[in-house]
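Number of protein chains: 2
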Amino acid sequence: MSAEPTAPRPAGPTVGIIGGGQLARMMLEAASALAIDVRLLATTSDESAPGVWPHTTVVDALDDAAIGEFATACDILTFDHELVDPEVLDALERHGHVLRPGARALSFSDKAQQRTRLAAAGLPVPRFAVVGNLDELEGFVGAVGGWPVVMKPPRGGYDGRGVHIVDTPEAGLAVLEGTGGPVVVEEFLDMEAELAVVVVTRASGGQVRYPVMQTVQVEGICHVVTCPAPLSAALLDEADRVAASVAEIVNAVGVLAVELFVSNGRVLVNEVAPRPHNSGHLTIEACTTSQFENHLRAVLDWPLGETTLLAPAAAMVNVIGETGAGDPATNRAEALTASGAHVHLYGKTWRDGRKLGHVTALGPDVQTARDTAQRAHDALQGR
Amino acid sequence: MSAEPTAPRPAGPTVGIIGGGQLARMMLEAASALAIDVRLLATTSDESAPGVWPHTTVVDALDDAAIGEFATACDILTFDHELVDPEVLDALERHGHVLRPGARALSFSDKAQQRTRLAAAGLPVPRFAVVGNLDELEGFVGAVGGWPVVMKPPRGGYDGRGVHIVDTPEAGLAVLEGTGGPVVVEEFLDMEAELAVVVVTRASGGQVRYPVMQTVQVEGICHVVTCPAPLSAALLDEADRVAASVAEIVNAVGVLAVELFVSNGRVLVNEVAPRPHNSGHLTIEACTTSQFENHLRAVLDWPLGETTLLAPAAAMVNVIGETGAGDPATNRAEALTASGAHVHLYGKTWRDGRKLGHVTALGPDVQTARDTAQRAHDALQGR
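First to last, the sequence lines map onto chains S and Z.
Heads up, the first sequence is in our numbering, so the first residue is 4 and it goes up one at a time.
Heads up, the second sequence is in our numbering, so the first residue is 4 and it goes up one at a time.
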């Protein structure tokens, strides 16, 4: 479908968003307020954003041809996810299309590249290796003092998919064989906290960063984000400083989310994502400017907005499809009895384990905000 | 155009919005976050909302047939403006369609009905009469102590259109003849301030009200809104209490904006508008729940959200087409240098005197917030 607008096209450059997930949807909500001329390229009929945007092209797959044709109708391309084939991205840049972030920054979504380059730049990362066979894996295990270790295929994994905690050679071999190529292996850390810093970089340079968030993962999927993170000022400063450096090394444009581990009193870079990120969803209500608006401002090379927290604390709880819970949209009225809860649903069909929405709340402290969001979340899940 | 969605239809009732202006557009931004199933009925190709919503039907005129057909595809109808023919509304209700607000509440947009009914209910209003000829007009002028008086046709006027300050019988006769029917005439007040209270009433009952706003009009068009209004607690309480009563008398559902005069230390009801209102635009960023989200929650009979102000003060400045200024969208980057300014543009083509957008800012006090918003406004106007 390619619906034609009935209203006049807005002034200014046309931003093409590749990918029709909830990140695109929340960018579109920000784009509407600023009357930004956005076109959307989405796949399948079950994504989040096409249901709320008239200027949408739906294709079977985000291949060379589809993206190439889409790119010609846009001045700037940006992304809802980092799953586009790197060769397609390189070709687009060679043909003169403007990618923000660019192909080089997007190549950091390969976890092997990411780790290797960040370590080479002197940034703190967990001990790791890129291994291709059992010998190399066992060599790494020996070097870090034994099992378990964490194994991650370099590409395609997100939301905990593809992250394996491995405690025997047999299990390690199974991951190697299942991946069919090099695998990132890293030490199993004694984790004190997981953090995330959302960094925004303007196309012509200049950076703003949001307050450091604490993330709570369950089986590798982000469940809860809270702010401020309950750590010493020194550790928060270090997290902020590391994230700023990461964005520079990555050559980021737009939002770059830097996920961090705190282990043995040190901040280590876990992963980077070159796009708006789940850890920044609470910025919609909790900060002066949302990550989605700032992402668009950054890729348009407009001045970036303030990232200040508007309340003493904020919390976000993801709404993830639960077996037996059904569509959370049927429980919106109940959820909205939680006074102060901001309910976001993405318009996606229910599937077990699928991110279907999130709830944000502000509060006088993290626990109060989290309780409010959790109450709305539980109501959405029919509890 | 009636674009078909590619995503699945969201769960829950279908809300049909009649009218495609900026109020609809801002409702849609709230609807997207809550995954509310909305259909839009708009006229012409130059309205604000069709450019940002795929589930849009565009018709030549909002006549009986167009609205009737649209209504059959919706569970609940609500409105971007109050300009629909009252007979069409009555017919819809007779045919069993659910109008929120209902036809009775919408009939209050007739200024003669409004004044007469509010006065009959004992609410404070300016001295007024509904006059059909020069004799009656001169009788009223004699009763209030002389010219000038204010004359308003009962329907169709908004943004100052149709409000006449009249100081001679000849000018009064011209208004009577130009209207071709009864005209509301009221005393010319010594105005201390103009206020507005946005009241939200849930379909099954229950009301929330936003903090009292001060509005600054230039030639009858709202230019600036600030909050809190700089009046005594007693006057603010009176404004709040009067607005609450007005909403009950009107039988409002959804947002009802109550515009008030302060004159000689008294609060008087000026006008009511049974829809989201310009005086409530700053609630998008300045309050826990925006008037647009609360309007949708109210018409869906969902619990209403908190209306608390998130900062000590907030201000909104309208972006109105100025001769020679051109399209404000071309100046967005400059406007966004005003740190903390929230720029909203409606995607409408420039026309002198047309509301094209608004800017909101929060601040430690009204003056600071207003300065920030004004700075962004001036940049949008190319100054």
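Treat the hints with care, since some could be wrong.
What the hints assert, rightly or not - With the C-beta cut set under 10 Å, the calculated list includes, among others, these residues of chain Z facing chain S:
id, residue
1, A36
2, P57
3, H58
4, A146
5, G148
6, G165
7, I287
8, E288
9, L303
10, L307
11, L313
12, A328
13, P331
14, Y349
15, L365
16, D368
These are computed hints drawn from the structure, not numbers from a lab.
Computed from a predicted structure; not experimentally measured.
Where is the CB? At the ideal position from N, CA and C, for every residue including glycine.
Discussion item. For each hint given before, does the structure comply? Return the numbers of the non-compliant ones in rising order.
Written reply: 4, 5, 6, 12 and 16
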